Amino acid sequence: MERCNGEELAIENSNLLSIEGSSKQSENPAKSQSIEEGSSSKRLEHNAKERVRRMKLNASYLALHALLPNSRRSKKRWSNPFIIDKVLQYLPALEKEIGMLKSKKDALLSSVEKKQQPLNLNNNLPLESQVPKPTVSITQVKDGEVIIQICMQKGRRDFLSKLIENVQREGMNIEFASSNIVCDDRVCCNLKIQVLPLIGPVGADYAKDLKDK
Numbered sequence: 025m026e027r028c029n030g031e032e033l034a035i036e037n038s039n040l041l042s043i044e045g046s047s048k049q050s051e052n053p054a055k056s057q058s059i060e061e062g063s064s065s066k067r068l069e070h071n072a073k074e075r076v077r078r079m080k081l082n083a084s085y086l087a088l089h090a091l092l093p094n095s096r097r098s099k100k101r102w103s104n105p106f107i108i109d110k111v112l113q114y115l116p117a118l119e120k121e122i123g124m125l126k127s128k129k130d131a132l133l134s135s136v137e138k139k140q141q142p143l144n145l146n147n148n149l150p151l152e153s154q155v156p157k158p159t160v161s162i163t164q165v166k167d168g169e170v171i172i173q174i175c176m177q178k179g180r181r182d183f184l185s186k187l188i189e190n191v192q193r194e195g196m197n198i199e200f201a202s203s204n205i206v207c208d209d210r211v212c213c214n215l216k217i218q219v220l221p222l223i224g225p226v227g228a229d230y231a232k233d234l235k236d237k
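If you use our numbering, the sequence shown corresponds to residues 25 to 237, in order.
In short, the hints are calculated from the structure, not lab data. None of the values given here were measured: they were computed from a predicted structure. Among the hints, erroneous ones may be present.
Said to hold, decoys possible - The calculated lysine-lysine pairs, modelled on BS3-like cross-linking and capped at a C-alpha distance of 30 Å, are:
(1) Lys138 - Lys110
(2) Lys139 - Lys178
(3) Lys120 - Lys100
(4) Lys80 - Lys99
(5) Lys100 - Lys128
(6) Lys128 - Lys138
Claimed, not checked - Computed Cβ-Cβ distance ranges for the label pairs, DEER-style:
(7) Ala117 - Gln177: 25 to 33 Å
(8) Arg96 - Gly123: 51 to 59 Å
(9) Lys100 - Arg75: 23 to 31 Å
(10) Glu119 - Lys99: 25 to 33 Å
(11) Ser63 - Phe106: 34 to 42 Å
(12) Ser98 - Ser63: 38 to 46 Å
(13) Ser134 - Lys166: 55 to 63 Å
(14) Glu121 - Lys66: 48 to 56 Å
The beta carbon of each residue, even a glycine, is placed where N, CA and C say it ideally should be.
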């Protein structure tokens, strides 16, 4: 009797062990399948990113290739390392050419400035081309009497007094002298003088002589 009971317990234990083993075996394939699916999706994502990166890199190489001189004349397909070598050869030559063009530009600008600006050896004196020349007009009032009008740029305050001194030094008689400002930067000096006894007989070209003086 006891022997039969022992045999029955052993059979039940073996059945339980076989059931547990089969359940564990059924769980392991599911886990391994999920792990394989996860690694496969990661691998696909990595491959897609790598493909996009290579496409962008190739596009950059093509753009760089298009910038090189004589690139379109070549019938052979340039590899990426060959493009890099060409770029390294071209950049120093391009830098040298830019320096030469800059030097030519500076030389041209300097020559243009020299042509536009007359030489002024004394910086304290105004350039003659920048200062308008005085205009002189002589009007004959009657024989032997003239009115001289000199218009010039305003600046010299003693011009009228110097003019009177020069006229008197020539031995001419000044009846009156005046100066008027006609605009912001110009002044006119008027002198009425007698010249008949000094210049010569009536009819002589004394007006021209006065203007020259």
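* Quick one: which hint numbers does this structure break? Sort them smallest to largest. => 1, 5, 7, 8
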